[in-house]
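Asker: Spelled out from the first residue to the last, the chains are:
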Amino acid sequence: MCRMVAAESQPIDDNDRQTQLLRGALDMCLLALLAREPAHGYELVRRMETAGFGAISYGTIYPLLTRMRRLGLVAHEQQVSPTGPPRKVYALTDSGRVHLDAWQKQWNRFTDTVDAVLCPLDHNPTRS
Amino acid sequence: MDTIDRLLGEADQAWRGYGVGSADRAALAADLRLDLRAAAADGGDPAQLIGGDVAGFARRLADEAGVRRVRGDYGRILGTALIGAVLGVVLGYGLLMAAYPAFVRMVDIPRSIDVPVQLAVAVYYGIPAAVVITGAVIAVRTRLRDLPRIRRTAQLMSVLMPVAGIVITPITVAFAWATGYSAAPPVVVAEIAMVLAALAGATVLARRLSLREGRTAAETSHADATRVKPA
Numbered sequence: 001m002c003r004m005v006a007a008e009s010q011p012i013d014d015n016d017r018q019t020q021l022l023r024g025a026l027d028m029c030l031l032a033l034l035a036r037e038p039a040h041g042y043e044l045v046r047r048m049e050t051a052g053f054g055a056i057s058y059g060t061i062y063p064l065l066t067r068m069r070r071l072g073l074v075a076h077e078q079q080v081s082p083t084g085p086p087r088k089v090y091a092l093t094d095s096g097r098v099h100l101d102a103w104q105k106q107w108n109r110f111t112d113t114v115d116a117v118l119c120p121l122d123h124n125p126t127r128s
Numbered sequence: 001m002d003t004i005d006r007l008l009g010e011a012d013q014a015w016r017g018y019g020v021g022s023a024d025r026a027a028l029a030a031d032l033r034l035d036l037r038a039a040a041a042d043g044g045d046p047a048q049l050i051g052g053d054v055a056g057f058a059r060r061l062a063d064e065a066g067v068r069r070v071r072g073d074y075g076r077i078l079g080t081a082l083i084g085a086v087l088g089v090v091l092g093y094g095l096l097m098a099a100y101p102a103f104v105r106m107v108d109i110p111r112s113i114d115v116p117v118q119l120a121v122a123v124y125y126g127i128p129a130a131v132v133i134t135g136a137v138i139a140v141r142t143r144l145r146d147l148p149r150i151r152r153t154a155q156l157m158s159v160l161m162p163v164a165g166i167v168i169t170p171i172t173v174a175f176a177w178a179t180g181y182s183a184a185p186p187v188v189v190a191e192i193a194m195v196l197a198a199l200a201g202a203t204v205l206a207r208r209l210s211l212r213e214g215r216t217a218a219e220t221s222h223a224d225a226t227r228v229k230p231a
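Just so you know, the protein sequences line up as chains A and B, in that order.
If you read the first sequence in the numbering used here, its first letter stands for residue 1, the second for the next number, and so on.
If you read the second sequence in the numbering used here, its first letter stands for residue 1, the second for the next number, and so on.
Bound-form chain A, shown alone (with noise of 0.2 Å):
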């Protein structure tokens, strides 16, 4: 497993770090959390913080969820809840499911890649 090497003298910003890595990665992530099980808006934030991606907004994720279901990965439909208004739910889709495995093949090249980059840095001593 590789270690990240941090330049002490700068510091980083790991909430703009992290919502770069975020941005390439959110659909993905949001059609595997439905490909688990199905699910509102709503819900899907919550999940992702459980996941551990921490805040991410309402806002960021309903407009995603609008433009993934106007490309056919995902169909909502209404359900009727035993305890409040209908919910709107969203599955995934057949192209949904095929488009996940092919962005999860290319994730993973990608993170191997980025891997066998950072390695040799754990080799290699920090200039100052």
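Some clues are possibly wrong.
What the hints assert, rightly or not - Derived contacts from chain B toward chain A, CB cut-off under 10 Å, selection only: (1) L36; (2) Q48; (3) L49.
The hints are simulated quantities; they were obtained by calculation from the structure and are not laboratory data.
Yeah, the Cβ is synthetic: ideal placement off N, Cα and C, and Gly gets one too.
Given the structure of chain A, go ahead and fit chain B onto it with the hints provided.
Answerer: Only chain B this time, still in chain A's reference frame:
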């Protein structure tokens, strides 16, 4: 009005300003309402979920939904119409000055013929007004040809601007009469402003109607491609 209604009202305003058609706005709002109600039932605060920038959220949502947007561009249209009208005034005045002597020689009405004053007034004011309106319509049609539905806008302008002119003329005359036909600058400026406001109103109405026609046509013929499917 509850929080969800208020938020949807703000979102609707933003969608309107963003050029989203009424059917798309209704579909987006219906979907969002359902989701927010579900979130509220689970203990989420709709206002907190969307955040402080409701308009930004609404625009982002419209973008992601891929709805068709048609912007009014009222400012550009009014500015261009004004430029065209001013050019029409200049051109019309120049042509009139050049052609006036020829007209007098060609059309020598005998003094025995009594020309009704209404006809004389209509010709005297009608021709310059027609030149001004033509200048405005041509300017909008040619300079803003990149705007969607501009052809229909220009067509409607050519109908509505004369109507506005006919309506505002007696009102302006009545104002002039009420002020003793004063030539004081504030009075003259007010008279000019009244006429310009009427013409501007006709221009805005023409644009609005042309966009509404376009949205209605698009929503009935391309509904699947442009609209979020209702839940």
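Asker: Check each numbered hint against the structure and report the violated ones by number, ascending.
Answerer: none
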